[in-house]
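Colleague: Sequence:
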Amino acid sequence: MTILLFGVTKDIIGSSTLSMPSSSEFGVKKSKTVKELKEYLGKMYPELKKLSSLAVAVNNSYANDDTIIDNFDEIALIPPVSGG
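All you need for the numbering used here is the position in the sequence shown, starting with 1, plus 140.
These are computed hints drawn from the structure, not numbers from a lab.
All of these numbers come straight from a predicted model, not from anything done at the bench.
Where is the CB? At the ideal position from N, CA and C, for every residue including glycine.
Take these hints with a grain of salt, some might be off.
Each computed DSSO-like pair below joins lysine-lysine, with the alpha-carbon atoms no more than 27 Å apart [said to hold, decoys possible]:
#, residue 1, residue 2
1, Lys178, Lys189
2, Lys178, Lys150
3, Lys190, Lys175
4, Lys190, Lys150
5, Lys150, Lys183
6, Lys175, Lys189
7, Lys190, Lys178
8, Lys150, Lys175
9, Lys189, Lys150
Quick list of the computed label-pair ranges, beta carbon to beta carbon [said to hold, decoys possible]:
#, residue 1, residue 2, range
10, Ser222, Pro161, 25 to 35 Å
11, Ile208, Ser159, 29 to 39 Å
12, Asn204, Leu144, 13 to 23 Å
13, Pro220, Lys175, 15 to 25 Å
14, Asn204, Phe146, 16 to 26 Å
15, Ser222, Tyr202, 12 to 22 Å
16, Pro186, Phe146, 14 to 24 Å
17, Ser156, Tyr180, 12 to 22 Å
18, Ser159, Glu179, 10 to 20 Å
19, Glu179, Tyr202, 13 to 23 Å
20, Asn211, Tyr185, 13 to 23 Å
21, Asn200, Lys175, 32 to 42 Å
22, Thr157, Ser201, 11 to 21 Å
Let's have the full structure, built from the sequences with the hints guiding it.
Modeller: Put into structure tokens, the structure is as follows:
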């Protein structure tokens with residue numbers, strides 16, 4: 141699974157993309173949810189938990205925490221943005 145990173149998430153991770161192992165490599169045979177992905181990323185990159193918000197897009201649409209994701213989805217982390 142490849143995750144596209146933008147803004148400060150790109151700075152935290154140190155790359156514009158992040159490759160994730162498949163859910164079977166975690167020993168989990170079910171699809172992951174957006175919430176589980178965010179929890180995993182928060183453990184791997186604690187700085188992400190300090191963000192005031194972190195939106196996730198799945199296949200070009202904003203996703204809720206209970207959205208199911210799989211290895212073939214296009215996923216993007218969208219940090220808070222400022223501006224007016």
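Colleague: Taking the hints in turn, state whether each one holds.
Modeller: For each hint, the structure was consulted:
1. Restraint check for Lys178 and Lys189: the C-alpha separation of about 9 Å stays at or below 27 Å, so the hint holds.
2. For a cut-off of 27 Å, the pair hint linking Lys178 to Lys150 stands: about 15 Å separates their Cα positions.
3. For the given pair, Lys190 sits about 16 Å from Lys175 by alpha-carbon distance, which is consistent with the 27 Å threshold.
4. Proposed proximity of Lys190 and Lys150 is supported: the alpha carbons are some 14 Å apart, at most 27 Å.
5. Taken as a hint, the Lys150 and Lys183 pair is honoured in the structure, with Cα atoms around 16 Å apart against an allowance of 27 Å.
6. The suggested pairing of Lys175 with Lys189 holds, with an alpha-carbon distance near 13 Å, which does not exceed 27 Å.
7. Restraint check for Lys190 and Lys178: the C-alpha separation of about 12 Å stays at or below 27 Å, so the hint holds.
8. A distance of roughly 19 Å separates the Cα atoms of Lys150 and Lys175; the hinted pair therefore holds under the 27 Å criterion.
9. Simply put, Lys189 and Lys150 have alpha-carbon atoms about 14 Å apart, close enough for the 27 Å limit, and the pair holds.
10. Range check, Ser222 to Pro161: about 33 Å between beta-carbon atoms, so the 25 to 35 Å window is met.
11. Our hint of 29 to 39 Å for Ile208 and Ser159 is violated, since their Cβ atoms are close to 20 Å apart.
12. As the Cβ distance of Asn204 to Leu144 is approximately 19 Å, the hint placing it in 13 to 23 Å holds.
13. The hint said 15 to 25 Å for the Cβ distance between Pro220 and Lys175, and at roughly 18 Å that hint holds.
14. Taken as a hint, the range 16 to 26 Å holds for the pair Asn204 and Phe146, whose Cβ atoms sit roughly 19 Å apart.
15. With their beta carbons about 18 Å apart, Ser222 and Tyr202 fall inside the hinted range of 12 to 22 Å.
16. Range check, Pro186 to Phe146: about 19 Å between beta-carbon atoms, so the 14 to 24 Å window is met.
17. Remark: the range hint 12 to 22 Å for Ser156 to Tyr180 is upheld by a beta-carbon distance near 19 Å.
18. Look at Ser159 against Glu179: about 18 Å separates their beta carbons, and that is inside 10 to 20 Å.
19. Take Glu179 and Tyr202: their Cβ atoms lie about 18 Å apart, and the range 13 to 23 Å holds.
20. Between Asn211 and Tyr185 the beta carbons are some 20 Å apart, a value that agrees with the proposed interval 13 to 23 Å.
21. Look at Asn200 against Lys175: about 20 Å separates their beta carbons, and that is not inside 32 to 42 Å.
22. Our hint of 11 to 21 Å for Thr157 and Ser201 holds, since their Cβ atoms are close to 19 Å apart.
Figure legend: structure checked against the earlier numbered hints; hints not met, in rising order: 11 and 21.
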